[in-house]
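A.B. asks: For this one, chain B is given, so just place chain E on it according to the hints.
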Amino acid sequence: MAYVATRGGERAIDQAERLFREDLGTIDAERVETIRTAMPYLVDRVMGEASFYSEELAALALAQTGGELSEAVLVLRAWRTTQPRIGIAATVQQEQLLTQRRISAAFKDIPGGQILGPTLDYSHRVLATDVLEGTPFVPPAVEPADTAAPAQQPSLAAWQRQLGLVAPLPEAAAAGAEIPDLTREPLLFPASRAHRLQSLARAETGGVLALGYAAMRGYGNAHPTVNELRLAEAEVMVRHPSGTPFSAGRIRVSQAEVTAKREYLDLGFAATFGWNEIKVIASATLDLNSAAAPVGSPVHEEFYLYHTESVEASGFCIHFKLPHYVTFQSALDAMRDAKAKKQTAAANLVAEREEEPVA
Amino acid sequence: MMFDENAGGGGRGPSHAEALNVLARAEPAGLKALAEQLLERLGDIEVLGNRTGLVMVPMRDTVENVDFHLGEVLVSEAHITDAVGAIGYGMITGRDLERAMAMAVVDLALATDIGAAEIETLLTTERRRLAAIDEDRMRRVEATRVEMETF
Numbered sequence: 001m002a003y004v005a006t007r008g009g010e011r012a013i014d015q016a017e018r019l020f021r022e023d024l025g026t027i028d029a030e031r032v033e034t035i036r037t038a039m040p041y042l043v044d045r046v047m048g049e050a051s052f053y054s055e056e057l058a059a060l061a062l063a064q065t066g067g068e069l070s071e072a073v074l075v076l077r078a079w080r081t082t083q084p085r086i087g088i089a090a091t092v093q094q095e096q097l098l099t100q101r102r103i104s105a106a107f108k109d110i111p112g113g114q115i116l117g118p119t120l121d122y123s124h125r126v127l128a129t130d131v132l133e134g135t136p137f138v139p140p141a142v143e144p145a146d147t148a149a150p151a152q153q154p155s156l157a158a159w160q161r162q163l164g165l166v167a168p169l170p171e172a173a174a175a176g177a178e179i180p181d182l183t184r185e186p187l188l189f190p191a192s193r194a195h196r197l198q199s200l201a202r203a204e205t206g207g208v209l210a211l212g213y214a215a216m217r218g219y220g221n222a223h224p225t226v227n228e229l230r231l232a233e234a235e236v237m238v239r240h241p242s243g244t245p246f247s248a249g250r251i252r253v254s255q256a257e258v259t260a261k262r263e264y265l266d267l268g269f270a271a272t273f274g275w276n277e278i279k280v281i282a283s284a285t286l287d288l289n290s291a292a293a294p295v296g297s298p299v300h301e302e303f304y305l306y307h308t309e310s311v312e313a314s315g316f317c318i319h320f321k322l323p324h325y326v327t328f329q330s331a332l333d334a335m336r337d338a339k340a341k342k343q344t345a346a347a348n349l350v351a352e353r354e355e356e357p358v359a
Numbered sequence: 360m361m362f363d364e365n366a367g368g369g370g371r372g373p374s375h376a377e378a379l380n381v382l383a384r385a386e387p388a389g390l391k392a393l394a395e396q397l398l399e400r401l402g403d404i405e406v407l408g409n410r411t412g413l414v415m416v417p418m419r420d421t422v423e424n425v426d427f428h429l430g431e432v433l434v435s436e437a438h439i440t441d442a443v444g445a446i447g448y449g450m451i452t453g454r455d456l457e458r459a460m461a462m463a464v465v466d467l468a469l470a471t472d473i474g475a476a477e478i479e480t481l482l483t484t485e486r487r488r489l490a491a492i493d494e495d496r497m498r499r500v501e502a503t504r505v506e507m508e509t510f
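Chains as they are written, first to last, in the numbering used here: chain B, 1 to 359; chain E, 360 to 510.
For reference, chain B alone in the conformation it holds in the complex (with noise of 0.2 Å):
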């Protein structure tokens, strides 16, 4: 491939910009916080393809890029880069998540029962027109129960190994500092698990639900059952000078277990930053059928981790708008002239018959 420095346009990017942004009024802090509070999901979803978590800073880049997925990542993992990293939170586990939505497609009766959260699955998808005709949709409250839910659930997986359904849990690997870092080394194959899971956690929404859609309608070679789906949130657990352990605030995480039936009940996971239950369903299914995943197909891990890594394949994409003109140009002289050989060809065989002595 090979590139061609032009002039002259100078003006018209300057002027392509200031159309942009024009077209998007003016950003201040009330455009912002109203994003925030009312598009909770989407600033979730940009949290989890940014690999970075601040609410406030991702309805920002919602509002300063039009809401144009990709660039609102770009622009927060580029701000990411601005900023030191103070430390490694303790390790969240499942099993001290506030859970606010845990659900199980496998089994009917689980240790905790089924929570069905804040949820629309059960909802008639039905567009309120009403409030452009000036009257507001109030929602109907919620009837709260007598009694609290538990802050904690217990760890379905766990309850399943005590019966032998599930493989037993080997030893923890590597903890804080310890565990291989996506951001700062390269993602190599075989993958560890740690890239891999680090890798789907910052996936594309979009791009792992195609793959992972691919895989539940037969491409793949398990077909998932969601073991437990949950929402919930997390304490980022830090510490003081000191050592005193404290907690510095919550962060919404989605996680999911899928299932297979093999010689055991095979589980796959996937978790990510803010409640995208999607995007982990999804990529929990890739997980699943990684194991035996023929290299080439969409399961293998080189291909889904490659390939939906956002900011990667946005760029990569979008690359192609650049000039190209060296590059279009020699094709189109290597194509003139085969056509011309081509032609030649043609006209020497014509020659060649007109030439020949009638018997």
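If you're looking for bench data, these hints aren't it; they were derived computationally from the structure. Misleading hints may appear alongside valid ones.
Stated by the list, open to error - Computed list of chain E residues with no C-beta within reach of chain B, every gap over 10 Å: (1) A392; (2) L456; (3) E494.
Said to hold, decoys possible - Under the rule of at most 20 Å between Cα atoms (straight-line distance), these lysine to any residue pairs were calculated in the SDA-like manner: (4) B/K261 x E/E423; (5) E/K391 x E/G402; (6) B/K321 x B/E68; (7) B/K341 x B/A331; (8) B/K108 x E/E508; (9) B/K108 x E/G402; (10) B/K261 x B/W159; (11) B/K108 x E/E506; (12) E/K391 x E/E494; (13) B/K321 x B/E71; (14) B/K261 x B/R161; (15) B/K108 x E/E423; (16) B/K108 x E/E501; (17) B/K108 x E/R454; (18) B/K108 x E/A502; (19) E/K391 x B/K341; (20) B/K108 x E/T503; (21) B/K342 x B/P323.
A virtual CB, placed ideally from N, CA and C, is assigned to each residue, including glycine.
C.D. replies: Structure of chain E alone, referenced to chain B:
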């Protein structure tokens, strides 16, 4: 300073941890007002650091017991010391440096036993407020529990 929470360590005990948990989620205006009051009584303070930064959050995979990095959280941190070397520290999620500094000031006051009554009043108020928020939310969550019937 770079900490690794997983490395473990000592600390000033469970009551300190509980106070820090509450301060980190305290309502900003009240926390900042208390810090303003305490500052006058704390004497000379040196600011060792007041910055935003990232805390990497690992999570444990429930299938193979592997810890992996979920992503980084934006935090604000404040680290101060007084003339005799007592430490005040604050860290909160988000980018409110003033809030982190207010937390550090209150923490320093706790360490030097200054304004104990006012601090306890704030902690009690905030403890109740935060518990009420959680109680209300989790009662709403409990309303979505499925009462399975087998037939």
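A.B. asks: None of the hints should be skipped; say for each whether it holds.
C.D. replies: Hint check results:
The Cβ of E/A392 lies farther than 10 Å from every Cβ of chain B, with a closest approach of about 20 Å, so its non-interface assignment holds. At roughly 13 Å, the least C-beta separation between E/L456 and chain B is larger than 10 Å, which holds for a residue marked as non-interface. A Cβ of chain B approaches the Cβ of E/E494 within 10 Å, the least distance being about 5 Å, so the stated non-interface status is violated. Straight-line distance between C-alpha atoms of B/K261 and E/E423 comes to about 17 Å, which keeps the hinted pair within the 20 Å bound.
Only pairs whose Cα atoms come within 20 Å are accepted, and E/K391 paired with E/G402 is accepted, the gap being roughly 17 Å. Between B/K321 and B/E68, the direct Cα distance comes to roughly 17 Å. Compliance with the 20 Å bound is thereby established for this hinted pair. The suggested pairing of B/K341 with B/A331 holds, with an alpha-carbon distance near 15 Å, which does not exceed 20 Å. Restraint check: the Cα-Cα separation between B/K108 and E/E508 comes to about 10 Å, which is no more than 20 Å; the hinted pair holds.
For the suggested pair B/K108 and E/G402, the alpha carbons sit about 62 Å apart, so the restraint of at most 20 Å is broken. Pair hint B/K261 plus B/W159 holds up; C-alpha atoms about 17 Å apart against a cutoff of 20 Å. Proximity of B/K108 to E/E506 is assessed by CA-CA distance (about 10 Å); at most 20 Å being required, the pair is judged to hold. Between E/K391 and E/E494, the direct Cα distance comes to roughly 26 Å. Violation of the 20 Å bound is thereby established for this hinted pair.
Between B/K321 and B/E71, the direct Cα distance comes to roughly 15 Å. Compliance with the 20 Å bound is thereby established for this hinted pair. Taking the CA atoms of B/K261 and B/R161, the gap is about 14 Å. The hint holds against a cut of 20 Å. Under the criterion of a C-alpha separation no larger than 20 Å, the hint pairing B/K108 with E/E423 is inconsistent with the structure, at around 24 Å. Distance restraint check for B/K108 and E/E501: the Cα-Cα separation of roughly 17 Å lies within the 20 Å cut-off, and the hinted pair is therefore satisfied.
In summary, the hint linking B/K108 to E/R454 is not supported, as the alpha carbons are separated by about 43 Å, beyond the 20 Å threshold. Using a Cα cut-off of 20 Å, the hinted pair B/K108 and E/A502 holds, with the two alpha carbons roughly 18 Å apart. For the proposed pair E/K391 and B/K341, the alpha carbon gap of about 81 Å is over 20 Å, so the pair is violated. Only pairs whose Cα atoms come within 20 Å are accepted, and B/K108 paired with E/T503 is accepted, the gap being roughly 15 Å.
Of the supplied pair hints, the one linking B/K342 and B/P323 is violated, its CA atoms being roughly 30 Å apart against a limit of 20 Å.
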